[in-house]
Structure formats: structure tokens, C-alpha cells
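Enquirer: Here's the letter readout for the chains.
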Amino acid sequence: MNPEPAVELFALARRYGFDMVLKDISLVLSAGKTVILAGNNGSGKTTLLKILATRLKPTRGSARVFGFDLHKEAKEVRRHVAYVSVLGGHYQTLTAFENLRLAASLYGHDRQEVTVAELEGKLDAVGLLNARNKQVRTFSSGMKKRLAIARLLISDADLWLLDEPYAALDQEGKSLIDDLLIEGKSQGKTIIMASHELEHTRKFADGVLALQDGYLRKLESSPLEVVSD
Amino acid sequence: MTDFGFVMTLARKDLMQELRSKAATVATIFFAGIVLIIQAFAFSEREGLLAIIAPGALWVALAFAGVISAAQSYQSELEEGAFEQLLMYPIPRATIFLGKLLANWLYMSILGFVLLPISIVFFDMNLGASWLLMLLTILLGTLGFALIATFYAALTANLRARESLLPVLMFPVVVPILLAAVRATREIAGAGNLGISLSWLQLLLAFDLVYVVVCTAIFHFVTED
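Top to bottom, those sequences are chains F and P. Read in order, the letters of the first sequence are residues 1 to 229 in the working numbering. Read in order, the letters of the second sequence are residues 230 to 454 in the working numbering.
Hints in this document: simulated from the structure, not taken from any laboratory. There's no promise every hint is true.
As the list claims (entries may be wrong) - Footprint (simulated), chain P over chain F, 3 or more residues, beta carbon under 8 Å:
| hint | segment |
| --- | --- |
| 1 | 21-31 |
| 2 | 89-97 |
| 3 | 182-192 |
As the list claims (entries may be wrong) - Distance ranges between label pairs, derived from CB positions:
| hint | chain 1 | residue 1 | chain 2 | residue 2 | range |
| --- | --- | --- | --- | --- | --- |
| 4 | P | Arg389 | F | Ala117 | 38 to 46 Å |
| 5 | P | Pro405 | F | Ser141 | 41 to 49 Å |
| 6 | F | Gln187 | P | Pro346 | 39 to 47 Å |
| 7 | P | Gly234 | F | Ser62 | 29 to 37 Å |
| 8 | F | Glu199 | P | Gly234 | 25 to 33 Å |
| 9 | F | Asp179 | P | Pro405 | 24 to 32 Å |
| 10 | F | Asp19 | P | Leu248 | 51 to 59 Å |
| 11 | P | Thr231 | F | Gln187 | 22 to 30 Å |
| 12 | P | Gly234 | F | Gly188 | 52 to 60 Å |
| 13 | F | Glu199 | P | Leu248 | 43 to 51 Å |
| 14 | P | Pro321 | F | Gly121 | 38 to 46 Å |
| 15 | F | Ala117 | P | Pro405 | 47 to 55 Å |
| 16 | P | Pro321 | F | Ser140 | 30 to 38 Å |
Ideal Cβ placement from N, Cα and C applies to all residues, glycine included.
Between the sequences and the hints, there should be enough to build the whole structure, so can you do that?
Expert: Dropping the structure here:
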């Protein structure tokens with residue numbers, strides 16, 4: 001396991017126009033922990049996840065992921081981070097297999113490293129093997145979410161950022177996410193999951209954080225160090 | 230995988246998407262064809278006029294079609310957060326630009342090669358033995374155009390008025406390339422001076438080299454949020 005803290009945030013802030021969505025957020029999260037990020041719609045959960053995924057730049061403050069500076073060493077950070085968005089991020093006219101093959105290539109795996117059988121194995125794991133050759137535009141929201149999980153599984157990321165992973169999923173799909181969280185935890189992955197399903201997800205978590213009025217608060221006793229609390 | 234591998238992977242992805250959807254192909258071929266036919270019809274009255282305007286007509290058709298295809302190449306990226314996901318892979322930003330550039334260039338070159346025989350027929354263009362030079366002009370001219378179009382299409386991709394802003398922003402920058410391409414085509418097709426056409430081609434090559442370096446170097450600023 002990586003000896004560095006998985007996430008270190010120092011007085012992080014993010015503004016959209018005149019709206020300060022995140023204010024003075026500081027956090028130290030040890031590697032291997034699972035954290036739920038709670039908060040109302042528009043509280044800044046997705047913004048925080050996107051900052052950690054290097055997609056958004058903070059307006060103020062700094063952040064490190066596994067010791068790498070988010071801004072100066074963004075490419076290194078991206079090697080360690082996988083983000084599952086609400087939208088899915090798939091190409092609609094490509095098939096499920098082609099999307100997964102593309103993701104494997106862009107994660108740096110060539111065709112010898114990740115074989116067809118392995119990719120099919122990931123599709124099978126998320127229940128999409130039968131839809132292997134169907135274009136994603138024909139998929140339901142739940143199927144797109146499953147494909148995003150398959151993409152997460154082929155990354156070598158140590159930090160999983162899951163944005164509403166239970167959204168749009170049926171009961172079987174939700175069980176799939178439960179299994180994913182258990183497996184990720186057993187593999188020592190650090191998981192930050194934005195979710196409204198607190199009651200269901202807290203059993204997997206080492207701690208619950210909530211974003212309120214732009215500040216990060218620790219909701220339950222946990223091994224997290226939330227400096228701004 | 231090497232950076233070159235990422236570029237090829239992304240270019241292949243864009244071309245595969247276009248082959249499936251044919252969104253740009255249908256629009257650009259139809260549009261460019263109509264532009265050529267209308268101009269041929271409008272200038273067919275006077276003897277010899279068609280051959281004079283042929284280089285301009287060809288590049289006007291290619292330029293307008295190129296704007297459509299460049300805008301379309303980012304359309305699929307915007308659906309369901311695909312471009313956002315692309316930016317979160319551990320690959321250099323430059324490979325994203327070069328991948329899209331390669332796909333756009335290949336597409337525009339093929340379009341140019343399709344429009345060339347149509348122009349020869351409708352506009353009485355006479356390439357003689359210089360047809361290889363004409364193909365080179367199309368390759369260099371479409372490269373320059375694809376460079377600017379790919380860059381500005383990324384810049385305007387997230388804007389609400391992107392369809393109207395893209396041509397307004399990119400055409401002033403792309404004018405030197407279009408002028409050089411038109412002049413080179415005129416010298417080649419009009420039985421003009423081959424030496425002069427080579428000078429214009431050298432200028433086109435210089436523009437392409439400058440733009441490829443500058444656009445690749447600053448592309449990551451365009452994608453920052």
C-alpha cells in the first residue's frame with residue numbers, strides 16, 4: 001500500500017463566477033480508507049471529486065494525491081485516480097467492448113497487456129457480456145453505469161472517486177456496487193463516494209463527510225483528519 | 230503505450246465514430262457539392278471564367294465543409310461527458326489534440342480528393358502533368374485548415390453559441406492558409422508558373438509547421454476549467 005496519505009487538501013476553495021462552492025477545505029485521508037461524501041444537491045460534492053480527478057482547478061489552496069501535487073504533477077495524479085461520473089463518459093456510437101478497449105488503451109495497457117478475454121471478463125463481471133457488441137447509445141442509464149464500473153476495474157487506480165454510483169441502478173446493479181466496494185476495500189483501494197444513500201452505504205465506510213455551505217464537516221467518528229471542522 | 234500510440238488510438242476512435250454515424254460525411258459532401266454546383270452554374274456564362282474561379286470555388290467548398298466536420302468532431306465528445314472522461318486519462322493533452330487533428334486532416338484530405346475531380350469536370354480545370362503537385366497542395370492546405378479548425382473547435386466546444394462562434398473565430402486565423410492554398414492551386418491548375426506554385430507550397434508548409442507547434446503547445450490551456 002502507498003505510504004503517503006491518499007488525499008491531502010490544504011485550504012481548498014473553488015468558485016463558479018461569484019458563487020464560492022467550496023470554502024477553505026482541508027482534509028487528510030489515509031490510503032485504504034473508504035469515505036462517503038454527503039451533502040445536498042449543489043453542495044459541491046461533484047466539484048470536489050472533479051478537483052481530485054484533476055478535471056477542475058481549485059480557485060485557492062492546494063491538494064496532493066499520494067504525494068503528487070494536483071496541479072504540478074497532474075499526469076502522475078491521473079495514473080492513481082479513476083473517476084466514475086454520473087454521466088458515464090462513454091462514446092455513444094462505439095460498442096461496450098470498443099469503449100472498454102479504448103479505455104484500456106488510454107490507461108496505457110496495450111493489447112498484449114489486456115487481452116480480449118480479460119476485457120470480456122470485466123464486461124461479464126458487470127453483467128454486460130451479452131451486450132458486448134451493442135452500441136452504447138442503445139443502453140439504459142443503468143447499463144451505462146455498469147460499463148463505467150467495468151472501466152474502473154481495468155484501471156490500476158489506487159483512488160476511486162465514485163459520483164452517485166447507485167444512481168439509475170436496479171437492485172442487482174446496486175448489489176454489484178456493494179460487491180465492488182467490498183472488493184476495492186479488500187484490495188486496499190482508497191474510495192471516496194458521493195452518495196445520497198447514507199443509510200445503505202455507511203456500513204462500507206470508514207467515515208462520513210458532509211459538505212454544508214461550502215465547508216467540509218466530519219459526521220461520524222472516523223480515522224479522518226478534517227482540519228476545517 | 231507510447232504517445233504516438235495514444236494519438237493513433239484517438240484518431241482511430243474518431244474515424245470509427247464517423248464511419249458509424251456518418252454525421253459529418255453526409256453534411257459536408259452535400260454542402261460542398263452544392264457550393265461547387267451553384268458557383269459553376271453562376272459563372273458558366275462567360276467563356277474561360279470557370280477556370281479562373283475554380284481554385285477559389287474548390288477551397289471555399291472545402292473550407293465551409295471543414296468547419297462543419299471540425300464542429301461535428303467535438304459533438305460526440307460532448308455527449309454524456311465523454312470529453313471530460315477523456316481529459317481524466319493519464320495521457321498528455323497534446324496527444325488528444327494530435328489524435329483529433331489526424332482524424333480531421335484525414336477526413337478533409339479525402340473530401341478534397343473527392344471534390345477535386347468534381348471541380349475538374351465542372352470548372353474545366355486543367356492539371357496536366359501537375360496532378361501530383363495538386364494532391365500535395367490539398368494535403369498541405371487541409372492540414373493547415375484542420376489544425377486551426379481542431380484547435381478552435383475545442384476552444385468553443387463548451388460554449389452555447391459554438392456553431393456561430395467557431396467560423397467567426399477561426400476564419401481570420403485560417404485566411405493565410407486559404408490564400409496560399411488558392412494561389413498554389415491557381416498556378417498549378419491554370420498552367421501558370423510551377424516555380425511560383427512551389428513558393429506558395431513552401432509558404433503553406435511553413436504555416437503548417439508553425440501552427441502545429443503553437444496549437445499543440447497551448448492546447449492544454451484550452452482544456453483547463
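Enquirer: All hints are to be evaluated individually against the structure, with a verdict given for each.
Expert: Now for the hints, and whether the structure bears them out:
{"no.": "1", "hint": "21-31", "result": "violated (count 0)"}
{"no.": "2", "hint": "89-97", "result": "holds (count 6)"}
{"no.": "3", "hint": "182-192", "result": "violated (count 0)"}
{"no.": "4", "hint": "Arg389/P - Ala117/F: 38 to 46 Å", "result": "holds, 45 Å"}
{"no.": "5", "hint": "Pro405/P - Ser141/F: 41 to 49 Å", "result": "holds, 47 Å"}
{"no.": "6", "hint": "Gln187/F - Pro346/P: 39 to 47 Å", "result": "violated, 59 Å"}
{"no.": "7", "hint": "Gly234/P - Ser62/F: 29 to 37 Å", "result": "holds, 33 Å"}
{"no.": "8", "hint": "Glu199/F - Gly234/P: 25 to 33 Å", "result": "violated, 46 Å"}
{"no.": "9", "hint": "Asp179/F - Pro405/P: 24 to 32 Å", "result": "violated, 59 Å"}
{"no.": "10", "hint": "Asp19/F - Leu248/P: 51 to 59 Å", "result": "violated, 43 Å"}
{"no.": "11", "hint": "Thr231/P - Gln187/F: 22 to 30 Å", "result": "holds, 29 Å"}
{"no.": "12", "hint": "Gly234/P - Gly188/F: 52 to 60 Å", "result": "violated, 30 Å"}
{"no.": "13", "hint": "Glu199/F - Leu248/P: 43 to 51 Å", "result": "holds, 47 Å"}
{"no.": "14", "hint": "Pro321/P - Gly121/F: 38 to 46 Å", "result": "violated, 29 Å"}
{"no.": "15", "hint": "Ala117/F - Pro405/P: 47 to 55 Å", "result": "holds, 52 Å"}
{"no.": "16", "hint": "Pro321/P - Ser140/F: 30 to 38 Å", "result": "holds, 35 Å"}
In summary, the structure is inconsistent with hints 1, 3, 6, 8, 9, 10, 12 and 14 from the numbered list given earlier, while agreeing with the others.
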